[in-house]
Amino acid sequence: GPAQTGKSEIGNNWQLHTILYDPVDMLFVGPSQTLINTYVTTQFDKMLDLVPEARARQLSGPSADNINLKQFLGCDMHFKWPSGSSFRAQPFSRGRLDDFDEMPEDIANQGDALSLMRGRDASFAAYGEIKIYINSTPKRGKNRGIEALVAQGTDERLYVDCLQCAAPFALYIDRLNYD
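Sequential numbering from 12 applies to the sequence shown in my numbering.
By construction, these hints were calculated from the structure, which means they are not laboratory data.
Built from N, CA and C at the ideal position, the CB exists for glycine as well.
Treat each hint with caution, since some may be false.
Said to hold, decoys possible - DEER-style ranges, computed between Cβ atoms: (1) R99 x C176: 51 to 57 Å; (2) K153 x L31: 36 to 42 Å; (3) A75 x A162: 48 to 54 Å; (4) V62 x E116: 31 to 37 Å; (5) S134 x A159: 22 to 28 Å; (6) Y170 x S96: 37 to 43 Å; (7) G17 x G72: 20 to 26 Å.
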């Protein structure tokens, strides 16, 4: 969807939920090393500061708290950028691809980020425990990048309950009226 509509915040909340309630190792991939460094220091670390319960679950020691790895009770959060080695030798049942359309369509002649991420979760497939969250502002055009993924999807709608009558209705972001 369009920029600044909460797509990344959904991913942030999922990571926080994973740390607090459903710990499992998770791989976060952003478009570049610079953007990963910025994300970790300006968003992820601040989120931990705002949620003392999450900060309390963080392990101590220099190797447990750095730009590319945050270790918590029961789970590790890995922060990487697209390279062939980012997706090798580590299994993850959960992954997040942030700003997907900013990532190379072919990473080190090995495929796109989603294909490489799916290779990380193969050992969890039999258990049905695979989850990947992909968000991006569309930049590659029709039938490419995030737009192609949306077109392949289920085209489901987000339903919320009406505050006045409690009946569910489909939420369309472009129709929101901010007072």
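Check your understanding: If you check the beta carbons of A75 and A162, does the distance land in 48 to 54 Å?
Key -> This hint is violated: roughly 41 Å between Cβ atoms.
Check your understanding: Is it true that K153 and L31 lie within 36 to 42 Å of each other by Cβ?
Key -> 39 Å, holds
Point to revise | Hint check for E116 and V62 - Cβ pair distance inside 31 to 37 Å | key: 36 Å, holds
**Study point:** Satisfaction of the hinted span 37 to 43 Å by the C-beta atoms belonging to Y170 and S96
**Key:** 41 Å, holds
Review point. How does the Cβ-Cβ distance of G17 and G72 compare with 20 to 26 Å: does it lie in that range?
Key: 34 Å, violated
Practice item. Go ahead and decide if the range 22 to 28 Å is satisfied by the Cβ distance of S134 to A159. Key: Distance hint for S134, A159 holds at roughly 27 Å.
**Study point:** 51 to 57 Å as the expected CB spacing between C176 and R99, which holds or is violated
**Key:** Distance hint for R99, C176 holds at roughly 53 Å.
In this structure, the earlier hints numbered 3, 7 are contradicted, and the remaining ones agree with it.
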